[in-house]
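In the order they appear, the protein sequences are chains A and B. 296 is the number that the working numbering gives the last residue of the first sequence; the numbers go up by one with no jumps. 302 is the number that the working numbering gives the last residue of the second sequence; the numbers go up by one with no jumps.
Calculated from the structure, these hints are not laboratory results. No experiment lies behind these values; they were computed from the predicted model shown. Errors might be hidden in some of the hints.
Unchecked claim - From the structure, some residues in chain B lie toward chain A, with a derived Cβ separation under 7 Å:
| hint | residue |
| --- | --- |
| 1 | A94 |
| 2 | P122 |
| 3 | I143 |
| 4 | V146 |
| 5 | L205 |
| 6 | A207 |
| 7 | T209 |
| 8 | W266 |
| 9 | W287 |
Said to hold, decoys possible - No farther apart than 25 Å at their CA atoms in a straight line, the calculated lysine to aspartate or glutamate pairs in the DMTMM-like style are these:
| hint | chain 1 | residue 1 | chain 2 | residue 2 |
| --- | --- | --- | --- | --- |
| 10 | A | K211 | B | D284 |
| 11 | A | K226 | A | D191 |
| 12 | A | K218 | B | E174 |
| 13 | B | K223 | B | E174 |
| 14 | A | K211 | B | D235 |
| 15 | A | K211 | B | E168 |
| 16 | B | K257 | B | D235 |
| 17 | B | K109 | A | E40 |
| 18 | A | K211 | B | D61 |
| 19 | A | K211 | B | D69 |
| 20 | B | K223 | B | D61 |
| 21 | A | K218 | B | D263 |
| 22 | A | K211 | B | D244 |
| 23 | B | K257 | B | D244 |
| 24 | A | K218 | B | E168 |
| 25 | B | K257 | B | D61 |
| 26 | A | K211 | B | D125 |
| 27 | A | K218 | B | D206 |
| 28 | B | K257 | B | E225 |
| 29 | A | K218 | B | D244 |
| 30 | A | K38 | A | E138 |
| 31 | B | K280 | B | D206 |
| 32 | A | K135 | A | E39 |
| 33 | B | K109 | B | E174 |
Backbone N, C-alpha and C define an ideal beta-carbon position, used for all residues, glycine too.
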Amino acid sequence: MSAEVSADISNMSPPRAAAADEAAQVRRLLKEERGRELRRRLLILAGQIALGAAALAAWEALSGSVLDPFWFSAPSDIGRTLADWFVSGSVWPHVRTTLYRMLAGFAAAAAAAVALGLLLGRLRVLEKILEPYIMALFSLPKVALGPLFIIWFGLGFKSSFMMVVAMVFFPVFYSVLNGVRAADAHLIDMARIMGASRRQLAAKIILPAAKPWIFAGLKLAVPYAIIGAVIGEMLGANRGLGFLVQYHSGQFNSTGVFAALFILTAIALALELVSKHGGNALRRLLPKK
Amino acid sequence: MSDILISLRSVRKSYLRGGRVVDALKDIRLDIGRGERVVFIGPSGCGKSTVLNLIAGLIRPTSGEVLYGGKPLSGVNTRVGYMPQADGNIPWRTVGEDVAFPLEIRGVPRPRVRAAVAEMLRTVGLSGFENHYPSELSGGMRKRSVLARTLIYEPECLLMDEPFGALDAQTKLQMQMELQNILMKFERRTMVFVTHDLEEAVTLGDRVAVFSRRPGTIKLVHRVDLPWPRDVHAVRFTPAFKAHYDALWRALQEEIREAEVSLG
């Protein structure tokens, strides 16, 4: 009612006034909805921070009474150690080394896995011949290869790099293979009828159809790269975060172990964020065809 | 009928199922003239679509011969256009890019592709939707875009596998009408159209081939001598249409009934 009255005052024709009124109301409703959404997100964030803080506080409080600090350390000690490491800069070579091994191994394994997956996805006979062997290698716990890598490649970059490759290759390879197989058979037939060559079929139908699978495989493999690097470094290296964990554990220095684990966790989270957002950005950058 | 484009000669297609021979098609004999529109109709699973796949060269007959342009087919037949039952859009391409696909494959220069796509989209009534993805379109519009892609490289023969089967009745009539209009523009375009819709068969065919139930054979070839162009709506109420419909219905009904008996 009041809307109609105000419409008369502003000299608008009633339908237009009603429309303006309705638009204003919808805008208000949408604003309220956005407010609710924002409050919900803030609540979640506050809850997440509170939970972490509470866990650290409990750890700190229990350390020294219920928990033996020799085995379990304490957040304050770990924080001091981390501060020392970063202020003195002594930890950077380890961080750099681990990141380098991880990224190099990831890139090499991903490239090989995508290429082989695309190839074998199209050559069914070859794929069938290789299948049991690839399956056997896939099933083999990669950690067990560590000593062999050390014999072959010595301590350091190469053996850790190979461990990353061994970990990353299979999840990517199987994703790509499934992606190629998932390409719609009808689309392939249609493209052939339209006169597409084998190369055009691969570039214009099969690769784009497999693209979501390839990205899913790459994303899936990021944590494997971290695992591979750390295992490689724990088994045989004199640098890197995996080495730090191993080294401090050998010294019965639980604070050092936890500090190294915190850095690894931070790297893993950062990479998860990068792969989540970076993957989308990369997808936008790549040409559609 | 001196100018025969497609010749099916005693074509048989069989499969092995658990060691047993199952015949999908048996003794298919049919000549299809250049420029002719032939509709295949029959109970589901009778192998009508299999015949299309044979003409497209996607599969080979177990015995007999499929001649296209007087020569036996070897490999995929790239002189036809194929419109499938399922949508058939390339999901990661926009309508414009999808329709351009056959020309792109042929290496047609970009400016010419752009002009041809714009023209073809106008023909099928999709102007202004170049940049939409198939997922953003209605079922009827997706069909139009596949039809545009099938026509744009001007194949001499269209193979249509129940292309309008999934559409609602109104959209279907609309598409039938537009298909006719388009075929008028592309003169002497041969078409083989598979459907299970008898009205569609009478509306679109010069001849209608009735398939028997599995193993599929052509049981009756019926000439529909209604004049072109046919008004897809009005033609259905003419006495001649009804006569054709009834003749085909009788032949089809026997097959459906027998199929049901043999199933029961």
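Hinted pair B:K223 and B:E174, Cα distance within 25 Å: violated, 29 Å
Pair hint A:K218 and B:E168, alpha-carbon separation not exceeding 25 Å: holds, 23 Å
Holds or violated: A:K211 to B:E168, with C-alpha atoms at most 25 Å apart: holds, 19 Å
Pairwise hint evaluation, B:D235 against A:K211, where the allowed Cα distance is 25 Å at most: violated, 35 Å
Status of the B:I143 interface restraint (C-beta, 7 Å, chain A): holds, 5 Å
Pair hint outcome, A:K211 versus B:D244 [Cα-Cα no greater than 25 Å]: violated, 37 Å
Straight-line alpha-carbon gap A:K218 to B:D263, limit 25 Å: violated, 51 Å
Agreement of hint B:V146 with chain A interface, Cβ distance less than 7 Å: This interface hint is violated because 12 Å lies over the 7 Å limit.
Pair hint outcome, A:K218 versus B:D206 [Cα-Cα no greater than 25 Å]: At roughly 34 Å apart (the allowed maximum being 25 Å), B:D206 and A:K218 break the hint.
Holds or violated: A:K218 to B:E174, with C-alpha atoms at most 25 Å apart: holds, 20 Å
Minimum beta-carbon distance criterion (7 Å), B:P122 to chain A: Where the cut-off is 7 Å and the nearest Cβ of chain A is about 5 Å from B:P122, the hint holds.
25 Å limit on alpha-carbon distance, applied to hinted pair A:K226 and A:D191: holds, 23 Å
Hints 4, 5, 6, 7, 8, 9, 10, 13, 14, 17, 18, 19, 20, 21, 22, 27, 28, 29, 30, 32 and 33 from the list above are not met by this structure, while the remaining hints are.
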